[in-house]
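Asks: All chains should be modelled from the sequences, with the hints used to inform the complete structure.
Those letters in the sequence shown? Residues 7 to 199, by the numbering used here.
Calculated directly from the structure, the hints in this document are not laboratory data.
Cβ atoms here follow ideal geometry from the backbone N, Cα and C, with glycine treated the same way.
Hints are not guaranteed to be accurate.
Said to hold, decoys possible - Below, in silico cross-link-like pairs of lysine-lysine (PhoX-like), each with a Cα-Cα straight-line distance of 25 Å or less:
{"no.": "1", "residue 1": "Lys161", "residue 2": "Lys93"}
{"no.": "2", "residue 1": "Lys63", "residue 2": "Lys86"}
{"no.": "3", "residue 1": "Lys146", "residue 2": "Lys86"}
{"no.": "4", "residue 1": "Lys18", "residue 2": "Lys63"}
{"no.": "5", "residue 1": "Lys86", "residue 2": "Lys161"}
Said to hold, decoys possible - DEER-style ranges, computed between Cβ atoms:
{"no.": "6", "residue 1": "Thr13", "residue 2": "Ser149", "range": "54 to 64 Å"}
{"no.": "7", "residue 1": "Ser144", "residue 2": "Ser99", "range": "20 to 30 Å"}
{"no.": "8", "residue 1": "Leu135", "residue 2": "Thr72", "range": "34 to 44 Å"}
{"no.": "9", "residue 1": "Gln79", "residue 2": "Asn191", "range": "48 to 58 Å"}
{"no.": "10", "residue 1": "Thr13", "residue 2": "Asp50", "range": "32 to 42 Å"}
{"no.": "11", "residue 1": "Pro134", "residue 2": "Lys86", "range": "22 to 32 Å"}
{"no.": "12", "residue 1": "Asn37", "residue 2": "Tyr129", "range": "47 to 57 Å"}
{"no.": "13", "residue 1": "Gln155", "residue 2": "Leu48", "range": "14 to 24 Å"}
{"no.": "14", "residue 1": "Phe151", "residue 2": "Lys86", "range": "20 to 30 Å"}
{"no.": "15", "residue 1": "Thr13", "residue 2": "Phe151", "range": "46 to 56 Å"}
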Amino acid sequence: LAAPIITLTESKRKAELSALQSQINPHFLYNTLDSINALAVLSDSREISEMITSLGKLLRLSIDTTSEYLTLQDEFNHVKAYIAIQKIRYEDSFSVDFSMDRSIADFPIIRLILQPLVENCIYHGLEPLEAEGHILISAKDFSDFIEIQIQDNGKGVDIHTEAVIRQNLLQRKHPCTKGSVGIYNVNERLHLY
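Replies: This is how it looks when you write it as C-alpha coordinates:
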(Lines of atoms letter the chains of each structure in order from A and count residues from 1; the text may use other names and numbers.)
(Lines give C-alpha, C1' and ligand atoms only; values in the text may rest on other atoms or scores of the structure.)
Protein backbone atom coordinates (compact mmCIF):
# COMPACT_ATOMS: atom_id res chain seq x y z
CA LEU A 1 0.00 0.00 0.00
CA ALA A 2 2.89 2.35 0.77
CA ALA A 3 4.53 1.94 -2.67
CA PRO A 4 1.63 3.50 -4.68
CA ILE A 5 1.49 6.47 -2.29
CA ILE A 6 5.23 7.06 -2.62
CA THR A 7 5.00 6.77 -6.43
CA LEU A 8 2.05 9.19 -6.52
CA THR A 9 3.87 11.65 -4.26
CA GLU A 10 7.02 11.41 -6.39
CA SER A 11 5.00 11.95 -9.59
CA LYS A 12 3.27 14.96 -8.06
CA ARG A 13 6.62 16.43 -6.99
CA LYS A 14 8.06 15.95 -10.51
CA ALA A 15 4.99 17.57 -12.08
CA GLU A 16 5.23 20.57 -9.72
CA LEU A 17 8.96 20.89 -10.41
CA SER A 18 8.34 20.73 -14.15
CA ALA A 19 5.65 23.42 -13.90
CA LEU A 20 7.98 25.61 -11.85
CA GLN A 21 10.81 25.14 -14.37
CA SER A 22 8.54 26.08 -17.26
CA GLN A 23 7.74 29.33 -15.43
CA ILE A 24 11.35 30.06 -14.51
CA ASN A 25 12.90 29.41 -17.91
CA PRO A 26 11.03 32.18 -19.80
CA HIS A 27 11.53 34.54 -16.84
CA PHE A 28 15.26 33.81 -16.86
CA LEU A 29 15.36 34.27 -20.63
CA TYR A 30 13.60 37.66 -20.50
CA ASN A 31 15.88 38.85 -17.69
CA THR A 32 18.92 37.75 -19.66
CA LEU A 33 17.69 39.58 -22.76
CA ASP A 34 17.07 42.69 -20.65
CA SER A 35 20.64 42.47 -19.33
CA ILE A 36 22.08 42.10 -22.84
CA ASN A 37 19.93 45.03 -23.97
CA ALA A 38 21.23 47.17 -21.10
CA LEU A 39 24.82 46.38 -22.16
CA ALA A 40 23.97 47.25 -25.76
CA VAL A 41 22.48 50.60 -24.69
CA LEU A 42 25.52 51.36 -22.50
CA SER A 43 27.78 50.50 -25.45
CA ASP A 44 25.68 52.73 -27.71
CA SER A 45 24.87 49.74 -29.95
CA ARG A 46 21.45 50.81 -31.20
CA GLU A 47 21.04 47.96 -33.70
CA ILE A 48 21.86 45.31 -31.11
CA SER A 49 19.43 46.92 -28.68
CA GLU A 50 16.68 46.95 -31.33
CA MET A 51 17.31 43.29 -32.17
CA ILE A 52 17.23 42.22 -28.51
CA THR A 53 14.03 44.20 -27.86
CA SER A 54 12.37 42.70 -30.95
CA LEU A 55 13.54 39.20 -30.01
CA GLY A 56 12.01 39.65 -26.56
CA LYS A 57 8.67 40.64 -28.13
CA LEU A 58 8.83 37.65 -30.47
CA LEU A 59 9.54 35.25 -27.64
CA ARG A 60 6.81 36.63 -25.40
CA LEU A 61 4.20 35.96 -28.08
CA SER A 62 5.75 32.63 -29.10
CA ILE A 63 6.27 31.14 -25.65
CA ASP A 64 2.91 32.18 -24.17
CA THR A 65 0.76 29.10 -24.61
CA THR A 66 -2.23 30.20 -22.55
CA SER A 67 -4.31 30.33 -25.73
CA GLU A 68 -4.12 28.88 -29.21
CA TYR A 69 -5.31 32.23 -30.54
CA LEU A 70 -4.11 35.82 -30.61
CA THR A 71 -5.87 38.94 -31.75
CA LEU A 72 -5.10 39.91 -35.31
CA GLN A 73 -3.39 43.03 -33.90
CA ASP A 74 -1.11 40.86 -31.71
CA GLU A 75 -0.32 38.65 -34.69
CA PHE A 76 0.63 41.77 -36.69
CA ASN A 77 2.78 42.94 -33.75
CA HIS A 78 4.53 39.55 -33.72
CA VAL A 79 5.33 39.95 -37.43
CA LYS A 80 6.54 43.52 -36.84
CA ALA A 81 9.02 42.28 -34.21
CA TYR A 82 10.24 39.57 -36.60
CA ILE A 83 10.63 42.10 -39.42
CA ALA A 84 12.56 44.52 -37.18
CA ILE A 85 15.20 41.81 -36.68
CA GLN A 86 15.30 40.90 -40.38
CA LYS A 87 15.58 44.54 -41.50
CA ILE A 88 18.71 44.91 -39.38
CA ARG A 89 20.08 41.61 -40.64
CA TYR A 90 19.44 42.61 -44.27
CA GLU A 91 20.60 46.20 -43.73
CA ASP A 92 17.22 47.73 -44.59
CA SER A 93 17.27 46.23 -48.09
CA PHE A 94 13.46 45.93 -48.03
CA SER A 95 10.48 47.88 -46.76
CA VAL A 96 7.21 46.67 -45.27
CA ASP A 97 3.76 48.24 -45.17
CA PHE A 98 0.96 47.07 -42.90
CA SER A 99 -2.71 47.72 -43.49
CA MET A 100 -5.56 46.47 -41.31
CA ASP A 101 -9.20 47.48 -41.05
CA ARG A 102 -9.60 48.64 -37.44
CA SER A 103 -12.87 46.71 -37.17
CA ILE A 104 -10.96 43.41 -37.10
CA ALA A 105 -8.01 44.32 -34.86
CA ASP A 106 -9.43 42.25 -31.98
CA PHE A 107 -10.51 39.33 -34.17
CA PRO A 108 -9.07 36.04 -32.85
CA ILE A 109 -6.64 34.32 -35.19
CA ILE A 110 -4.57 31.15 -34.84
CA ARG A 111 -1.31 32.20 -33.28
CA LEU A 112 1.88 32.44 -35.31
CA ILE A 113 0.56 31.77 -38.82
CA LEU A 114 1.69 34.97 -40.54
CA GLN A 115 5.38 35.01 -39.60
CA PRO A 116 6.31 31.82 -41.54
CA LEU A 117 4.70 33.30 -44.67
CA VAL A 118 6.57 36.60 -44.23
CA GLU A 119 9.75 34.57 -43.71
CA ASN A 120 9.09 32.89 -47.07
CA CYS A 121 8.75 36.32 -48.70
CA ILE A 122 12.11 37.40 -47.34
CA TYR A 123 14.12 34.23 -47.97
CA HIS A 124 12.59 33.02 -51.22
CA GLY A 125 11.33 36.24 -52.75
CA LEU A 126 13.40 39.21 -51.63
CA GLU A 127 16.78 37.71 -50.75
CA PRO A 128 17.66 36.96 -54.40
CA LEU A 129 16.62 40.50 -55.52
CA GLU A 130 19.27 43.01 -56.42
CA ALA A 131 16.78 45.91 -56.14
CA GLU A 132 15.01 47.02 -52.96
CA GLY A 133 12.36 44.59 -51.85
CA HIS A 134 8.90 45.42 -50.57
CA ILE A 135 6.33 43.44 -48.58
CA LEU A 136 2.69 44.41 -48.09
CA ILE A 137 0.73 42.76 -45.29
CA SER A 138 -2.95 43.58 -45.22
CA ALA A 139 -6.12 42.43 -43.49
CA LYS A 140 -9.53 43.49 -44.75
CA ASP A 141 -12.99 43.07 -43.28
CA PHE A 142 -15.56 41.89 -45.82
CA SER A 143 -18.34 41.47 -43.20
CA ASP A 144 -18.79 37.71 -43.70
CA PHE A 145 -15.07 36.92 -44.03
CA ILE A 146 -11.63 38.40 -43.43
CA GLU A 147 -8.98 38.45 -46.12
CA ILE A 148 -5.31 38.50 -45.14
CA GLN A 149 -2.76 39.05 -47.89
CA ILE A 150 1.01 38.94 -47.81
CA GLN A 151 2.57 40.19 -51.03
CA ASP A 152 6.13 40.88 -52.05
CA ASN A 153 7.86 42.18 -55.17
CA GLY A 154 10.32 39.28 -55.20
CA LYS A 155 11.29 37.00 -58.02
CA GLY A 156 8.21 34.78 -57.67
CA VAL A 157 8.01 31.17 -58.78
CA ASP A 158 7.61 29.64 -62.20
CA ILE A 159 4.19 28.34 -63.26
CA HIS A 160 5.13 24.67 -62.81
CA THR A 161 6.45 25.18 -59.26
CA GLU A 162 3.37 27.19 -58.32
CA ALA A 163 1.10 24.41 -59.65
CA VAL A 164 3.00 21.79 -57.62
CA ILE A 165 2.79 23.93 -54.46
CA ARG A 166 -0.95 24.51 -54.92
CA GLN A 167 -1.58 20.81 -55.56
CA ASN A 168 0.43 19.78 -52.50
CA LEU A 169 -1.47 22.31 -50.36
CA LEU A 170 -4.82 21.02 -51.59
CA GLN A 171 -3.81 17.44 -50.88
CA ARG A 172 -2.17 18.46 -47.58
CA LYS A 173 0.93 16.73 -48.84
CA HIS A 174 4.16 17.82 -47.17
CA PRO A 175 7.07 18.45 -49.57
CA CYS A 176 10.35 16.63 -49.31
CA THR A 177 12.36 19.84 -49.72
CA LYS A 178 13.57 21.98 -46.82
CA GLY A 179 12.63 25.28 -48.46
CA SER A 180 8.87 24.85 -48.33
CA VAL A 181 8.26 23.96 -44.70
CA GLY A 182 6.64 27.24 -43.57
CA ILE A 183 3.75 27.41 -46.02
CA TYR A 184 2.87 23.75 -45.53
CA ASN A 185 3.05 24.09 -41.76
CA VAL A 186 0.62 27.03 -41.87
CA ASN A 187 -1.67 25.17 -44.27
CA GLU A 188 -1.75 22.09 -42.03
CA ARG A 189 -2.45 24.14 -38.90
CA LEU A 190 -5.30 25.97 -40.64
CA HIS A 191 -6.81 22.66 -41.70
CA LEU A 192 -6.48 21.22 -38.20
CA TYR A 193 -8.23 24.21 -36.65
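Asks: State for each hint whether it applies.
Replies: Quick rundown of the hints versus the structure:
no.: 1; hint: Lys161 x Lys93; in the structure: holds (19 Å)
no.: 2; hint: Lys63 x Lys86; in the structure: holds (9 Å)
no.: 3; hint: Lys146 x Lys86; in the structure: holds (18 Å)
no.: 4; hint: Lys18 x Lys63; in the structure: violated (33 Å)
no.: 5; hint: Lys86 x Lys161; in the structure: holds (23 Å)
no.: 6; hint: Thr13 x Ser149: 54 to 64 Å; in the structure: holds (57 Å)
no.: 7; hint: Ser144 x Ser99: 20 to 30 Å; in the structure: holds (22 Å)
no.: 8; hint: Leu135 x Thr72: 34 to 44 Å; in the structure: holds (39 Å)
no.: 9; hint: Gln79 x Asn191: 48 to 58 Å; in the structure: violated (23 Å)
no.: 10; hint: Thr13 x Asp50: 32 to 42 Å; in the structure: violated (57 Å)
no.: 11; hint: Pro134 x Lys86: 22 to 32 Å; in the structure: holds (24 Å)
no.: 12; hint: Asn37 x Tyr129: 47 to 57 Å; in the structure: violated (31 Å)
no.: 13; hint: Gln155 x Leu48: 14 to 24 Å; in the structure: violated (42 Å)
no.: 14; hint: Phe151 x Lys86: 20 to 30 Å; in the structure: holds (24 Å)
no.: 15; hint: Thr13 x Phe151: 46 to 56 Å; in the structure: holds (52 Å)
In terms of the numbered hints stated before, the structure departs from hints 4, 9, 10, 12 and 13, listed from lowest to highest.
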